[in-house]
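Sequence lines, in order, name chains A and B. Quick note: the first sequence uses our numbering, first residue -6, plus one each step. Quick note: the second sequence uses our numbering, first residue 2, plus one each step.
I should point out that these hints are in silico values taken from the structure, not numbers from a laboratory. Treat each hint with caution, since some may be false.
To be verified - Now the in silico label distances, taken between C-beta atoms and shown as ranges: (1) A/Asn21 - B/Glu17: 41 to 49 Å; (2) B/Glu16 - A/Asn58: 45 to 53 Å; (3) A/Gly44 - B/Ser59: 30 to 38 Å; (4) B/Thr21 - A/Ser60: 40 to 48 Å.
Ideal Cβ positions, reconstructed from N, Cα and C, are used throughout, including at glycine.
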Amino acid sequence: NAGVTQTPKFQVLKTGQSMTLQCAQDMNHEYMSWYRQDPGMGLRLIHYSVGAGITDQGEVPNGYNVSRSTTEDFPLRLLSAAPSQTSVYFCASRGQGKNTEAFFGQGTRLTVV
Amino acid sequence: GNSVTQMEGPVTLSEEAFLTINCTYTATGYPSLFWYVQYPGEGLQLLLKATKADDKGSNKGFEATYRKETTSFHLEKGSVQVSDSAVYFCALLNTGFQKLVFGTGTRLLVSP
Chain A
-6 NAGVTQTPKF QVLKTGQSMT LQCAQDMNHE YMSWYRQDPG MGLRLIHYSV
44 GAGITDQGEV PNGYNVSRST TEDFPLRLLS AAPSQTSVYF CASRGQGKNT
94 EAFFGQGTRL TVV
Chain B
2 GNSVTQMEGP VTLSEEAFLT INCTYTATGY PSLFWYVQYP GEGLQLLLKA
52 TKADDKGSNK GFEATYRKET TSFHLEKGSV QVSDSAVYFC ALLNTGFQKL
102 VFGTGTRLLV SP
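Based on the sequences and whatever the hints tell you, model everything.
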């Protein structure tokens, strides 16, 4: 039972490069989210999805794009990386309802130089 | 809007000491409340939860009670262990059940 799988675990980018962080879940969860974790800032929501074909912005969406073509996958795209996007990124998924637990991936540590 | 405020860390304790990590929230409606824990190099995992006023969540010796009158969900443990050293996040799930909002996290360091 894999749960939530994120790739890659580590990445170094040069300013202006683009890349996609992959996230896949095998629990048939409706909700998926991307967060970034920065020292002293906790986890901040970047984008989220409530089902295939439906996405919405979180509190820090600028510089990131997402799509949700299948229930399983929720990739996060950085179109033109900036040093301010150096962070640890977490993908999470959960089922519907107020009791449901969110499951997190292991995280991607991204450095933009 | 919805928000969560946690006490600043790090919290440094000796083994077997009593732990309290304060958490207060601002929300419309009746959110669900959670504590998540993050061990070094890992993602977050659920520690406990409560979905309505006066509910008490508990797990692994940790407890937290949903207090609507004080909008609080403080985390407590009677006797901490070195293995409890981690970062603890308080979180709420808004009434629409769409966004999980986190506090800034509190690092706990337990020494032998």
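Discussion item. Hint by hint, where does the structure go against what was stated? Just the numbers, ascending.
Written reply: none
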